[in-house]
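Student: Following the hints, complete the assembly by docking chain A onto the known chain L.
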Amino acid sequence: MKTPLIQLNDIYKTFGANRVLDGITLSIYQGEITTIIGKSGGGKSVLLKHIIGLLEPDAGHILFNGHPLSEMKRPERKILKRKFSYMFQGNALFDSLTVYENVALPLKETAVLPEKEIRRRAAEKMAHLDILGNEDKYPSQLSGGMRKRVALARALMTDPEIILFDEPTTGLDPIRKNAVLSMISDYQKKFGFTGVVVSHEIPDIFYISQRIAMLNDGRILFEGSPEEIQRSPVTEIRNFIYGYEAPQGAYSGRNNQPYVERRFLQEMARLQNHDIAFSLVIFTFDNIDEIYEHAEHIAGQTVIENLALKIRHKIAITDSCSRLGLNKIVLLITNADRVQARAFCEGLARDIQANDFIKPKPSPDFCFSFSVGFAQATRDSSLESLLETAESSSNPFYQFKVC
Amino acid sequence: MAILSTVKLSVCVLGQMTMSPVQRLGKMTVFFFWGLIHIFSLPLQIYKIVEQIFFIGMKSVFVICLTAAFTGMVLGLQGYYTLVKFGSEGMLGAAVALSLVREMGPVLTAIMVIGRAGSAMAAEIGIMRISEQIDALETMDINPVRYLVSPRIAAALISFPLLTALFDVIGIFGGYITGSLLLGINPGVYFARVESSVVMKDISGGFSKSIVFALVVVTVCCFKGYFTHLQTDGFGSKGVSLSTTSAVVLSCVLVLIADYVLTSILL
Numbered sequence: 001m002k003t004p005l006i007q008l009n010d011i012y013k014t015f016g017a018n019r020v021l022d023g024i025t026l027s028i029y030q031g032e033i034t035t036i037i038g039k040s041g042g043g044k045s046v047l048l049k050h051i052i053g054l055l056e057p058d059a060g061h062i063l064f065n066g067h068p069l070s071e072m073k074r075p076e077r078k079i080l081k082r083k084f085s086y087m088f089q090g091n092a093l094f095d096s097l098t099v100y101e102n103v104a105l106p107l108k109e110t111a112v113l114p115e116k117e118i119r120r121r122a123a124e125k126m127a128h129l130d131i132l133g134n135e136d137k138y139p140s141q142l143s144g145g146m147r148k149r150v151a152l153a154r155a156l157m158t159d160p161e162i163i164l165f166d167e168p169t170t171g172l173d174p175i176r177k178n179a180v181l182s183m184i185s186d187y188q189k190k191f192g193f194t195g196v197v198v199s200h201e202i203p204d205i206f207y208i209s210q211r212i213a214m215l216n217d218g219r220i221l222f223e224g225s226p227e228e229i230q231r232s233p234v235t236e237i238r239n240f241i242y243g244y245e246a247p248q249g250a251y252s253g254r255n256n257q258p259y260v261e262r263r264f265l266q267e268m269a270r271l272q273n274h275d276i277a278f279s280l281v282i283f284t285f286d287n288i289d290e291i292y293e294h295a296e297h298i299a300g301q302t303v304i305e306n307l308a309l310k311i312r313h314k315i316a317i318t319d320s321c322s323r324l325g326l327n328k329i330v331l332l333i334t335n336a337d338r339v340q341a342r343a344f345c346e347g348l349a350r351d352i353q354a355n356d357f358i359k360p361k362p363s364p365d366f367c368f369s370f371s372v373g374f375a376q377a378t379r380d381s382s383l384e385s386l387l388e389t390a391e392s393s394s395n396p397f398y399q400f401k402v403c
Numbered sequence: 404m405a406i407l408s409t410v411k412l413s414v415c416v417l418g419q420m421t422m423s424p425v426q427r428l429g430k431m432t433v434f435f436f437w438g439l440i441h442i443f444s445l446p447l448q449i450y451k452i453v454e455q456i457f458f459i460g461m462k463s464v465f466v467i468c469l470t471a472a473f474t475g476m477v478l479g480l481q482g483y484y485t486l487v488k489f490g491s492e493g494m495l496g497a498a499v500a501l502s503l504v505r506e507m508g509p510v511l512t513a514i515m516v517i518g519r520a521g522s523a524m525a526a527e528i529g530i531m532r533i534s535e536q537i538d539a540l541e542t543m544d545i546n547p548v549r550y551l552v553s554p555r556i557a558a559a560l561i562s563f564p565l566l567t568a569l570f571d572v573i574g575i576f577g578g579y580i581t582g583s584l585l586l587g588i589n590p591g592v593y594f595a596r597v598e599s600s601v602v603m604k605d606i607s608g609g610f611s612k613s614i615v616f617a618l619v620v621v622t623v624c625c626f627k628g629y630f631t632h633l634q635t636d637g638f639g640s641k642g643v644s645l646s647t648t649s650a651v652v653l654s655c656v657l658v659l660i661a662d663y664v665l666t667s668i669l670l
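Just so you know, the sequences run in chain order L and A. The first sequence maps to residues 1 to 403 in my numbering. The second sequence maps to residues 404 to 670 in my numbering.
Bound-form chain A, shown alone:
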């Protein structure tokens, strides 16, 4: 009898452990679709979208430029010393450009935006939740998902590919600084390799990734903030800090998982 009850309990726990993430994922998916649909519900929230583009996109430009420049420089440095062993340092432009356009551009852009704007989104919406501002929206018959989430999704869909493009360009110039200016590769060879190696499929693949990452990041960060009050391990300001942390961690992990999945599909 004791064995039976232990088995029963184990099955229950296992069931709960399986069901709980599935339910959360379902809830997040529904939340995402409502947010996406309401981008197009009338009247269009153009002003709010522009405001969010400024916040997510414009305000991230400096940090993206800085990260991209040093990433490109490191790639140039590492690439040069690897390629020079095979006497093919002339391929540095291709190596740097392909690494950035296909992988590092979209992923690092997403991770930098998570740190700068994603955490702010989760914290802002979380504070609105605990101070009853979201309840106030509901009582005013203003759809909180439409008001808070939809403009952010729309803004991220516009900002992420543009920031990724900026990252790619600055990164390629970073590679040029180390490869050509510091280590002496002919600049013509460097940029000719960039031009010949990168094809449209690489660029569209990188942009596809950045669009998927935009959806993942905004959905996760807004979702975590929106349901701050359902946190079981912390309430009030502690709850907000926990949701912000988990929003950042989960977004980063999901971006890397999505990157692998997309790469395997796109290649």
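Extracted from the complex, chain L is given alone in its bound form:
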């Protein structure tokens, strides 16, 4: 059994007469992204502040690698603190410092590095977050979304081992929201940090998290994988998750995943009662990592958004299209078997051009590479099994490149 990196044992915290944390027990594992979801004002930020030591619990213990934080000596705490980074909900940017000074501050104050190296690292982080060119502006001269990205760049500057994100995507448009989420996921894979994210972005946050914890009335109501929480029969959990569900994605007209699940059940009923076939198609953007290397994270997400838009224009009103992960789109085609589904994809591949995705291309010879998996539903199919078949390596794929 894995030992948690951070273990919260029976944490209580009261502000005046208001008990915010009422016996929280939570495990955070190394190299994973753990997301804390829950109602606004439910104590999620308070919980994060306990983890980083900004607040002391009234009762209970916080353990790091099994050592209680309260028993650590000053030098030990200092070493531990250097492993952390925190992104505040309200950004907490220094309003009298410029964007560059804000981003560079953690390194300037805590590391012995030449100015040139600090400048290089800051420029790299700012480029990833699409804020380059604003170095000399002050936070008050930026939009809310830009401030968020400056705060994120600052949090990532020291390449910390544990990063606590307090609502990192609130106030961002859908494309930038996904870019930030994919950046968190990408950086986590690249550097292997442990992430604790407080977020309301359901279901997007499920795609980048390995574990989800739901906070309700000061207690942890659920702790498990994103798949487990989506299958949870607990009414509070289901209401919370699906309470966020909108019929269509605000930006691209894509449907979100729970909607596809509903559509799947409806089509399954039609298949069982009237023998009307339907198929599931999964589009995977294969070289999204190359885009991340050559351009910003936002470029990768723009490609996915534009592919979704293109698909949306071609499908019938009864079909539904949804994102499956950071680089995948799932499409449910009604009245179609595998052959017809494949024909649809061939038609799409013929119509689509590189300019439809992103302008300009990351490099002149860059090709957008996609693979497509198909699965035709049978009477006893489940959504999971159908997705598995469509994604299975034994399933003959259709691949196309747009150059």
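Simulated from the structure, these hints should not be mistaken for laboratory data. Honestly, I wouldn't trust all of these hints.
To be verified - Calculated lysine to aspartate or glutamate pairs in the EDC-like style (CA-CA distance at most 20 Å, straight line):
#	chain 1	residue 1	chain 2	residue 2
1	A	Lys430	A	Glu541
2	L	Lys401	L	Asp365
3	L	Lys73	A	Glu541
4	L	Lys78	L	Asp159
5	A	Lys451	A	Asp544
6	L	Lys2	L	Glu228
7	A	Lys451	L	Glu101
8	L	Lys314	L	Glu346
9	L	Lys108	A	Asp538
10	L	Lys83	A	Asp538
11	L	Lys108	A	Glu454
12	L	Lys81	A	Asp544
13	L	Lys78	A	Glu541
14	A	Lys451	L	Asp95
15	L	Lys73	A	Asp544
16	L	Lys78	A	Asp538
17	A	Lys451	L	Glu109
18	L	Lys81	A	Asp538
19	A	Lys451	L	Glu115
20	L	Lys328	L	Glu290
21	L	Lys189	L	Glu161
22	L	Lys83	A	Asp544
23	L	Lys108	L	Glu161
24	L	Lys83	A	Glu541
25	L	Lys39	L	Asp22
26	L	Lys189	L	Asp159
27	L	Lys116	L	Asp159
28	L	Lys328	L	Asp356
29	L	Lys137	L	Glu124
30	L	Lys108	A	Asp544
31	L	Lys328	L	Asp286
32	L	Lys81	A	Glu541
33	L	Lys401	L	Glu391
34	L	Lys401	L	Glu346
Tutor: Chain A alone, transformed into the frame defined by chain L:
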């Protein structure tokens, strides 16, 4: 029984009223010593200290010159009409110089800096506290007291004596304007009295006061801003305004109390 509980309650209230200021004073003393110690912790924050010297010192020069000139002129005027009654108007230079160097220079400089820079310090740090900027420093493993308070203490220790010296010189010239140029005292007599009456002990005493005032002003103003969030009678921007007001009032009162204590020691 009722009498007993009333007595008990009164003792409790009295105890609380005594303990609370003592605790606050203790907290402020610890805060001051951390700020002072971190001036010397490596790497030295030279750039930030220079920045604060510019803010506390350089930007106060105009207001100090203006205040000093009129204070000296008033002293010259009042002194002349008092001394002329005894036929000793020739002592005006000594009266103006001693009043300024020993008392008015350090005290008025401190009070002017409180109004100009002390209130700004309390407000700036207070806003940083309520907008979580101080918490952000802590999460980045940057000591907030070292980052925010130490450069200000160092800058005040350098700026206050220099501003006091400037105040003294301008004030003496102010006295000369009214005493000699307007009321006709011989300029040679005026400056000879200044030279003969002011001794090194007076100057060092005045500078000692300005150093103590620098420590008092910066500690109180930074402390009030730093702990804005613990204000019980106002939160957010109201809390900042209350801390700024109380920082200015408390600094002024403490400067005057410290002045009396130091004068009684130095004389």
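Student: All hints, please: hold or fail.
Tutor: Tested hints:
1. Restraint check: the Cα-Cα separation between Lys430/A and Glu541/A comes to about 19 Å, which is no more than 20 Å; the hinted pair holds.
2. Restraint check: the Cα-Cα separation between Lys401/L and Asp365/L comes to about 12 Å, which is no more than 20 Å; the hinted pair holds.
3. Note on Lys73/L and Glu541/A: the hinted pairing holds, with a Cα-Cα distance of about 17 Å set against a maximum of 20 Å.
4. Restraint check: the Cα-Cα separation between Lys78/L and Asp159/L comes to about 16 Å, which is no more than 20 Å; the hinted pair holds.
5. A C-alpha spacing of about 18 Å is found between Lys451/A and Asp544/A, which places the hinted pair at or below 20 Å, so the restraint holds.
6. Distance hint between Lys2/L and Glu228/L is fulfilled; the C-alpha atoms sit about 19 Å from each other, no more than 20 Å.
7. With a C-alpha separation of about 14 Å, the suggested pairing of Lys451/A with Glu101/L holds against the 20 Å cut-off.
8. Between the alpha carbons of Lys314/L and Glu346/L the distance comes to roughly 12 Å, so the proposed pair stays at or under 20 Å and holds.
9. Simply put, Lys108/L and Asp538/A have alpha-carbon atoms about 18 Å apart, close enough for the 20 Å limit, and the pair holds.
10. Between Lys83/L and Asp538/A, the direct Cα distance comes to roughly 16 Å. Compliance with the 20 Å bound is thereby established for this hinted pair.
11. Only pairs whose Cα atoms come within 20 Å are accepted, and Lys108/L paired with Glu454/A is accepted, the gap being roughly 17 Å.
12. The straight-line distance between the Cα atoms of Lys81/L and Asp544/A is roughly 6 Å, inside the 20 Å bound, and the hint therefore holds.
13. Distance hint between Lys78/L and Glu541/A is fulfilled; the C-alpha atoms sit about 10 Å from each other, no more than 20 Å.
14. Distance check on the hinted pair: Lys451/A and Asp95/L sit about 16 Å apart at the alpha-carbon level, within 20 Å; holds.
15. Of the supplied pair hints, the one linking Lys73/L and Asp544/A holds, its CA atoms being roughly 15 Å apart against a limit of 20 Å.
16. Distance restraint check for Lys78/L and Asp538/A: the Cα-Cα separation of roughly 15 Å lies within the 20 Å cut-off, and the hinted pair is therefore satisfied.
17. With a CA separation close to 12 Å, the supplied pair Lys451/A and Glu109/L stays within the 20 Å bound.
18. Between Lys81/L and Asp538/A the alpha-carbon distance is near 13 Å, which keeps this suggested pair within the 20 Å criterion.
19. Among the hinted pairs, Lys451/A with Glu115/L is consistent with the structure: their alpha-carbon atoms are about 17 Å apart, no more than 20 Å.
20. Our distance criterion of 20 Å between C-alpha atoms is met by Lys328/L and Glu290/L, whose separation comes to about 15 Å.
21. Pair hint Lys189/L plus Glu161/L holds up; C-alpha atoms about 12 Å apart against a cutoff of 20 Å.
22. Note on Lys83/L and Asp544/A: the hinted pairing holds, with a Cα-Cα distance of about 10 Å set against a maximum of 20 Å.
23. Our distance criterion of 20 Å between C-alpha atoms is met by Lys108/L and Glu161/L, whose separation comes to about 19 Å.
24. Among the hinted pairs, Lys83/L with Glu541/A is consistent with the structure: their alpha-carbon atoms are about 13 Å apart, no more than 20 Å.
25. Distance check on the hinted pair: Lys39/L and Asp22/L sit about 15 Å apart at the alpha-carbon level, within 20 Å; holds.
26. At most 20 Å may separate the alpha-carbon atoms for a hinted pair to count; Lys189/L and Asp159/L meet this at roughly 13 Å.
27. Restraint check: the Cα-Cα separation between Lys116/L and Asp159/L comes to about 17 Å, which is no more than 20 Å; the hinted pair holds.
28. Between Lys328/L and Asp356/L, the direct Cα distance comes to roughly 17 Å. Compliance with the 20 Å bound is thereby established for this hinted pair.
29. For the hint pairing Lys137/L with Glu124/L, the CA-to-CA distance comes to about 17 Å; that is within 20 Å, so the pair holds.
30. Distance restraint check for Lys108/L and Asp544/A: the Cα-Cα separation of roughly 12 Å lies within the 20 Å cut-off, and the hinted pair is therefore satisfied.
31. For the given pair, Lys328/L sits about 9 Å from Asp286/L by alpha-carbon distance, which is consistent with the 20 Å threshold.
32. At roughly 9 Å between alpha-carbon atoms, Lys81/L and Glu541/A fall within 20 Å of each other, so this suggested pair holds.
33. Restraint check: the Cα-Cα separation between Lys401/L and Glu391/L comes to about 18 Å, which is no more than 20 Å; the hinted pair holds.
34. Annotation: proposed proximity of Lys401/L to Glu346/L holds, straight-line Cα distance about 11 Å (limit 20 Å).
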